[in-house]
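Turn these sequences into a full structure, and let the hints guide you.
Residue numbers (this note's numbering), protein chains in the order written: chain A, 1487 to 1804; chain B, 1487 to 1804; chain C, 1487 to 1804; chain D, 1487 to 1804; chain E, 1487 to 1804; chain F, 1487 to 1804.
Since the hints were made in silico from the structure, they are not lab data.
Careful: at least some of the hints might be erroneous.
Here are the computed lysine to any residue pairs in the SDA-like style, where the Cα-Cα straight-line distance is at most 20 Å [stated by the list, open to error]: (1) K1706(F) / G1703(C); (2) K1706(E) / E1697(B); (3) K1490(E) / A1680(B); (4) K1706(B) / E1698(A); (5) K1706(A) / E1698(E); (6) K1706(C) / E1698(D); (7) K1706(B) / F1700(A); (8) K1490(D) / S1676(F); (9) K1490(B) / E1701(A); (10) K1706(F) / E1698(C); (11) K1490(F) / A1680(C); (12) K1490(E) / Y1678(B); (13) K1490(F) / S1676(C); (14) K1490(C) / S1676(D); (15) K1706(A) / E1697(E); (16) K1706(B) / L1702(A); (17) K1706(F) / E1701(C); (18) K1706(D) / E1701(F); (19) K1706(C) / F1700(D); (20) K1490(E) / I1677(B); (21) K1706(B) / E1701(A).
Reference listing, derived: stretches of chain D covered by chain C, where coverage requires no fewer than 3 residues with Cβ under 8 Å from a Cβ of chain C [stated by the list, open to error]: (22) 1529-1539; (23) 1695-1703.
From chain C, some residues computed to sit far from chain B (all C-beta separations above 12 Å) [claimed, not checked]: (24) E1660; (25) R1692; (26) E1710; (27) R1713; (28) V1714; (29) G1803.
None of these values were measured; they are calculated from a predicted model.
Built from N, CA and C at the ideal position, the CB exists for glycine as well.
Protein chains: 6
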Amino acid sequence: MSQKFQPIDASAVPRFAGLPTFMRLPHVTDPGLVDVALIGVPWDAGTTNRAGARHGPREIRNQSSFMRAVHHVSRIAPYELCRVADLGDAPVNPFDIHDTMDRITGFVSEIVAAGAVPLSAGGDHLCSLPLLRAVARDRPVGLVHFDAHSDTNDAYFGDNRYTHGTPFRRAVEEGLVDPTRTIQIGIRGSIYGADDMAFAEESGMRVVYIEEYFELGPAKVVEEIRRVVGSGPAYVTFDVDGIDPAFAPGTGTPEIGGYTTHEAQVMVRGLQGLDLVGGDVVEVAPPFDPSGGTALVGATLMFEILCVLAEARAKRGG
Amino acid sequence: MSQKFQPIDASAVPRFAGLPTFMRLPHVTDPGLVDVALIGVPWDAGTTNRAGARHGPREIRNQSSFMRAVHHVSRIAPYELCRVADLGDAPVNPFDIHDTMDRITGFVSEIVAAGAVPLSAGGDHLCSLPLLRAVARDRPVGLVHFDAHSDTNDAYFGDNRYTHGTPFRRAVEEGLVDPTRTIQIGIRGSIYGADDMAFAEESGMRVVYIEEYFELGPAKVVEEIRRVVGSGPAYVTFDVDGIDPAFAPGTGTPEIGGYTTHEAQVMVRGLQGLDLVGGDVVEVAPPFDPSGGTALVGATLMFEILCVLAEARAKRGG
Amino acid sequence: MSQKFQPIDASAVPRFAGLPTFMRLPHVTDPGLVDVALIGVPWDAGTTNRAGARHGPREIRNQSSFMRAVHHVSRIAPYELCRVADLGDAPVNPFDIHDTMDRITGFVSEIVAAGAVPLSAGGDHLCSLPLLRAVARDRPVGLVHFDAHSDTNDAYFGDNRYTHGTPFRRAVEEGLVDPTRTIQIGIRGSIYGADDMAFAEESGMRVVYIEEYFELGPAKVVEEIRRVVGSGPAYVTFDVDGIDPAFAPGTGTPEIGGYTTHEAQVMVRGLQGLDLVGGDVVEVAPPFDPSGGTALVGATLMFEILCVLAEARAKRGG
Amino acid sequence: MSQKFQPIDASAVPRFAGLPTFMRLPHVTDPGLVDVALIGVPWDAGTTNRAGARHGPREIRNQSSFMRAVHHVSRIAPYELCRVADLGDAPVNPFDIHDTMDRITGFVSEIVAAGAVPLSAGGDHLCSLPLLRAVARDRPVGLVHFDAHSDTNDAYFGDNRYTHGTPFRRAVEEGLVDPTRTIQIGIRGSIYGADDMAFAEESGMRVVYIEEYFELGPAKVVEEIRRVVGSGPAYVTFDVDGIDPAFAPGTGTPEIGGYTTHEAQVMVRGLQGLDLVGGDVVEVAPPFDPSGGTALVGATLMFEILCVLAEARAKRGG
Amino acid sequence: MSQKFQPIDASAVPRFAGLPTFMRLPHVTDPGLVDVALIGVPWDAGTTNRAGARHGPREIRNQSSFMRAVHHVSRIAPYELCRVADLGDAPVNPFDIHDTMDRITGFVSEIVAAGAVPLSAGGDHLCSLPLLRAVARDRPVGLVHFDAHSDTNDAYFGDNRYTHGTPFRRAVEEGLVDPTRTIQIGIRGSIYGADDMAFAEESGMRVVYIEEYFELGPAKVVEEIRRVVGSGPAYVTFDVDGIDPAFAPGTGTPEIGGYTTHEAQVMVRGLQGLDLVGGDVVEVAPPFDPSGGTALVGATLMFEILCVLAEARAKRGG
Amino acid sequence: MSQKFQPIDASAVPRFAGLPTFMRLPHVTDPGLVDVALIGVPWDAGTTNRAGARHGPREIRNQSSFMRAVHHVSRIAPYELCRVADLGDAPVNPFDIHDTMDRITGFVSEIVAAGAVPLSAGGDHLCSLPLLRAVARDRPVGLVHFDAHSDTNDAYFGDNRYTHGTPFRRAVEEGLVDPTRTIQIGIRGSIYGADDMAFAEESGMRVVYIEEYFELGPAKVVEEIRRVVGSGPAYVTFDVDGIDPAFAPGTGTPEIGGYTTHEAQVMVRGLQGLDLVGGDVVEVAPPFDPSGGTALVGATLMFEILCVLAEARAKRGG
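In structure tokens, the structure reads:
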């Protein structure tokens, strides 16, 4: 097995120095050299209201310099378990949704073919669809979905069926996601009409609305996640707007009344042991995040997911 | 009965398009056409420290484009229950407190006379006084008051008795508010002296200081609200500084250590079934809210109040 | 002739009060009632880098409350010369460039058919193309083009030919703009290659690069504008990035080293007497303009253009 | 003669250390100890649109820590010429215009009675009126007035005659300012009506509109100032909105197309030799100045005025 | 006993008026006149990443104008119990760590020698070390340490042993702090390696990691603090990054997932009755706090600490 | 000769995509592969007031994605003339001035030894000293110095002789810079005392104070630069605070009244033909530049310098 990459040590080289790669890891272009591929997807062409998530990967990379090497609770040391590096950005085209989805799927498919798992920073939530097309090509995966919105609408502004409000309906229709192994956590906000959630509920998704979330608390939600997803392969997608906008204001469609970052951390840590095959953090929109605080949230969640994903990847071996 | 107005649908016309009326509803000038009148009161002449709430109505209207049509928990569909529209702004004069209070009272009295209930966006908290003069002209009302401050002081800077720190003392003195049917929630912050709360307590108001609030939790506070207010007519006033400044920084007199937006939502939802006759959201100060996040909180609370207010109005019929 | 609309007087009603229509004019939906139609085009689907101009119309309307009624230099009183009102926003679809261009052209064609001239606030610079399709349907028009960029590129990211970097190449190809009656003012910034300006120069456009601009000064540039455009019908398009980013930072593609706002004003005033048939102000991007200062620049330029456009419209009569 | 106060030396004690007094001078409460009294007037009750200048003195004090001891062009060393100190803030009441004007006049009258000249940081432009009542009690003074607005309107929102749009009309009416020895520099912006400037022009003020300003240039404007004001006592008032908002965005009523800070400095330096008896810098509004840059402009202009004012005061002796 | 100083009353003089001293108290230079000395330490030379805490004292003073006179829960009236004033800033040198630490220790030693207790606003966390050298010169003190980081590292960037990541290791080594009477609350964030916490744990400090914190809740943590610290002399140090960055974003090393301000207040109030001999609030970094909200948190915590510290000081008498 | 590196083409890959290297060039670690080495120096340990320039290289790299390939005026195509790449950051230590200066000199000496010329982004102005130690080791160089400050002071806060206010005094003393071939452009701002400029003037530097600058204008200043520097080797250093803070607010020591960015560009272009051997752009401080506009100025100036530097390097051959 080839080299295990190490992040630059912030007690030796200050965090503000050097090129801002994810986690201060090396930039590597050959997916065969990694087990976990950190990638950016700088694309928000699916956004229905406030664009800006296209700038997410840059700023998440920038803020990820705050991360260190070992998880302080689980004691997972991802860079000891796996070869992890920054594989750069997926190719994108701001003007062509289908062309870009194909490019992203192609880019990630090479990673998957090389035996690595992708962990990406978006981009808006439509980015998850081409990622799932690569990761779940061979069989549907379970889905752990943190979000304020179900993203299972059908179409916008006429017959536009590929937007950041529709990816998981498409993913179910395409057989990429098993709705009965899907759980959505934090759904809230006023709705267009009484049947907004019909697809999610009728397809068999487990929807933890924010009210139920607050009743259960994060520990019990973790139990529910584990029950729903089970032992099969699963993908985790984290839309930062699941978190309350006091903690993560820099996003396109904020909804007040969400969970805290600490609770988000508890829930992601609870994924330890699941057979994770990929993940993403989406909807960090730097133009609405002048302080960079939301990108720091995104970078920290990416590190949290990395820990459980690297452990899953290491367990599968290869 | 005339037309029930519908907000512009954000899945058909993007949220950023069009004139920013409250909730994307039509701008209507005849109060006879509505059951619930959404109005702005762009006035902060009662502010003792940081002015800026005069710009509140514009920015709350702007952010209210994020709202949709149906409440996702209570399933209340306010635009099915009532005729709701944007009635524009009350007339104001930044230089004359008494003249402006008379103008506001006149503007709202026409709404009340037409059989509609007002729901306003301030403006500083002094705005509530002229609103109450219109709404409670015939009999005192109960008061559900969310705030970090009791606003029952007597005078500032000499003998200035009409400021945003005094409206509810004046309202009790004028017989507009029944202090024994009044509850204040979230009061906190260092005080001028040991007797700051004497008026509130001696007049019979139920004061839920923030410490008691955290002991009880929002569900029990809702019970207490319902017990105090009872079945008579009641007015709800929401000062955004009741909420913690992490969630609502854009206000003139922030006090750390408040409740969350989710808790605020739970409490407002708990007003369902009260005989509400009007409401307001005040002290959103856009110059201190560059991200617009506090205005989004204000707009969402306005939608939450609208749901319970529309239901109350529909129940009374007419 | 029907009513001449007047803006709300800021010495009677404070500027921060009321719905933010353009110039505080009434919102009118029948184009037959106006001579000059102020419209918004909230659309930035042609943006190659930093999106956000979709939010331009709202914030330009907001800041246009600073405008008063009469031009202090030319003494033009546009609301005495013409019927001017806010006609609202053109219909847009963030996901479909051709569909939206058709909708915009349709919306503006109705205005033109009613005998009115359009003055719009964008939106990115691609918005000018569908506007020109409506305004110049019957014959090519001259073009006064203020900008840091020529916007005569051919395609981006493969074969995407309709972007904010290409509208005037398309407009010439479609016969909407007469390149020999076109002048571009302020072109600057590093270039992709030595032939970037080939289309503009070979088609016969008069390009005043920023260096020549600074040599000539605004007064002589005005002479050059008048010489090039001549007495035929002309359209004026103002990209705020023509102005130096110190004065107008809130835009997607800033280029340092531009002209000042005062110089911009001098040049727009110099259009007095031209046979103007429409105009636009584009590329104000509020997410990059937290202070609103660029939107104020946009609103003031819109008022400046309104003065010369209203005079031209009045002169043509009808 | 008592002690000449020295500012804290920034090469000995860092600029960010210590209490932020004006120019890092001592805080002195006895006006008898100074020749030039630097004061704050934290009051904006005359503001017709965007309040915030009440916070000006604090932030100007803060930014004045950037100032050093000697003028680099004129070589004036004000702290060698005069006893200069920070006399604190005038007493104010946000709710009572007449009461506060009386208090300010009283506060400044004590300074004048002690033989000192006041140099104040506002506050909005209404602050100049009570200052002039103290400084010009015995005879009218000439006025050097830098501003985008003439501030000679009559009344707002009905019959409110004391606002930041009216002080110099009142000052002429009260015999405090000699209009024939008054010059206004930089007037611009759209106007309410054709007769907006009637009072200024008919009373004999010399108005240098911005267009004439740009024709003449600052050096010739200085000549004109000196010609108009002559050798009698004169007061200088600098509204930061005279400067272009690119340089001074943090103000309540920005008008694009103004002069630069360098040009402002040239003009203030041109006052050397006039018999100055007081001055002010007004309309710095920190809520609209998140970077503090406008307060730095205000502090630097205050230092520029201090140099010419101290020299004038020293020349008069006493 | 000499005069008990009173803060300026905000119901008499607006909060925005006057020089911004701590709590609007008088600036006093003789430590013999006070029992509790409020001081600033404008110094961040120990910062490993984002500097800016050098500007903390100014902005904390500014925001402390929001404070009033009496604690609303404990009813402690610190200005009745003790003579409290603003003693100004400790002398600092941005270029010399050891020289500055000596100066700070000297400055505070005079305060201690005069019988007063210091309560300081930093500055970065290295400031606590020279403060402890003055306060704990004669015997080690217990330490109540609120923070996201243990600050017990050994060295950075080679052999730099005096940084904001090392003060409490040094303090233990120097015999200033008794590690067995030390408690750290809120420690979290990814770590450099598995032995990051070895010094803290092996020296006997009680470390309440954030996970344990959330299990226990603030009330039980208070019990633990009281158990660990006992009845001996103790010092309280509050790094604002212990609080979640949603509540206190303006700091150099934010770590998501912390406690709320309300919880922080509960814990500080729980120190009532301890034999406190000094305290500090550190790591407020205004360049990362454009809204001033973190400085308001800092000022409020300073007031909270003042209450329990003044009571302890009064109890000891003298 | 090895490969000529090309920047990523923004008409093929959007500017927001990919790792932000300088000018979107490859990151190369072997100095032997380049003729011009673009480097970062993330270090501000010499800052006397507002730190933050340590973050400059990251943000300048980020904004440099706006740059294209060819200069639009001079038509210089630097990537055709020379091998240009991003060599990463010099090693730094925030706690040790002399150690870091040695490291920077070592890092740059390797570049120089390989036959390349360095063009760096700071960092504060002290960074220029270790750069000059590498570049001018063998003989003194001429200096073109754009700045508001002379930076020829002797010491701060006692005997600290290596700060951002002293580098060019040290450079002359060390024989690195020939003061008679040195020109400083834009010097301004109040001064500590009458002899502040004694060293600069007595050593023979040509000082173009801002007043002379405005008299001469940039074209004549270019002539003066060329006359002073002559045909020998020269280094160009650009402190962004030479530019007016309206154009470049994000810097530690702003001084109002500077030149525009366009004028700066004209002057840098005027260096064409000089025998340039290195350059730097310093004092971009991102914490004071929330919009990134100052970093864009820095990146554009870096591109401007690159053009004239690459041409000089190509002319020397090798």
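Hints, verified against the model:
At most 20 Å may separate the alpha-carbon atoms for a hinted pair to count; K1706(F) and G1703(C) meet this at roughly 18 Å. Between the alpha carbons of K1706(E) and E1697(B) the distance comes to roughly 16 Å, so the proposed pair stays at or under 20 Å and holds. The straight-line distance between the Cα atoms of K1490(E) and A1680(B) is roughly 18 Å, inside the 20 Å bound, and the hint therefore holds. Simply put, K1706(B) and E1698(A) have alpha-carbon atoms about 18 Å apart, close enough for the 20 Å limit, and the pair holds.
With a C-alpha separation of about 18 Å, the suggested pairing of K1706(A) with E1698(E) holds against the 20 Å cut-off. Between K1706(C) and E1698(D) the CA atoms are separated by roughly 18 Å; this keeps the pair inside 20 Å, and the hint holds. Pair hint K1706(B) plus F1700(A) holds up; C-alpha atoms about 15 Å apart against a cutoff of 20 Å. For the suggested pair K1490(D) and S1676(F), the alpha carbons sit about 19 Å apart, so the restraint of at most 20 Å is met.
Restraint check: the Cα-Cα separation between K1490(B) and E1701(A) comes to about 36 Å, which exceeds 20 Å; the hinted pair is violated. Note on K1706(F) and E1698(C): the hinted pairing holds, with a Cα-Cα distance of about 18 Å set against a maximum of 20 Å. For the given pair, K1490(F) sits about 18 Å from A1680(C) by alpha-carbon distance, which is consistent with the 20 Å threshold. Of the pairs offered as hints, the one joining K1490(E) and Y1678(B) holds, with about 16 Å between alpha carbons and a cut-off of 20 Å not exceeded.
Between K1490(F) and S1676(C) the CA atoms are separated by roughly 19 Å; this keeps the pair inside 20 Å, and the hint holds. Distance restraint check for K1490(C) and S1676(D): the Cα-Cα separation of roughly 19 Å lies within the 20 Å cut-off, and the hinted pair is therefore satisfied. Simply put, K1706(A) and E1697(E) have alpha-carbon atoms about 16 Å apart, close enough for the 20 Å limit, and the pair holds. Simply put, K1706(B) and L1702(A) have alpha-carbon atoms about 18 Å apart, close enough for the 20 Å limit, and the pair holds.
Annotation: proposed proximity of K1706(F) to E1701(C) holds, straight-line Cα distance about 14 Å (limit 20 Å). Restraint check for K1706(D) and E1701(F): satisfied, since their Cα atoms lie roughly 14 Å apart, inside the 20 Å limit. Pair hint K1706(C) plus F1700(D) holds up; C-alpha atoms about 15 Å apart against a cutoff of 20 Å. This hinted pair checks out: K1490(E) and I1677(B) have alpha carbons roughly 18 Å apart, not beyond 20 Å.
With a C-alpha separation of about 14 Å, the suggested pair K1706(B) and E1701(A) falls inside the 20 Å cut-off, and the hint holds. Coverage of the region 1529-1539 of chain D by chain C holds [criterion: at least 3 residues with CB-CB distance below 8 Å; count 3]. Note: the region 1695-1703 of chain D has 4 residues with beta-carbon separation from chain C under 8 Å; the three-residue rule is met and the coverage holds. Look at E1660(C): its CB is around 26 Å from the nearest CB on chain B, clear of 12 Å, so calling it non-interface holds up.
At roughly 36 Å, the least C-beta separation between R1692(C) and chain B is larger than 12 Å, which holds for a residue marked as non-interface. Annotated as non-interface, E1710(C) keeps its C-beta farther than 12 Å from every C-beta of chain B; the closest such distance is 38 Å. With 12 Å as the threshold on Cβ separation, the claim that R1713(C) sits away from chain B holds: the shortest Cβ distance comes to roughly 40 Å. Listed as a non-interface residue, V1714(C) keeps its Cβ farther than 12 Å from every Cβ of chain B; the least gap is roughly 35 Å.
Distance check on G1803(C): its Cβ is at least 31 Å (rounded) from any Cβ of chain B, clearing the 12 Å threshold; non-interface status holds.
Checked against the numbered hints listed earlier, the structure breaks hint 9 alone; every other hint is satisfied.
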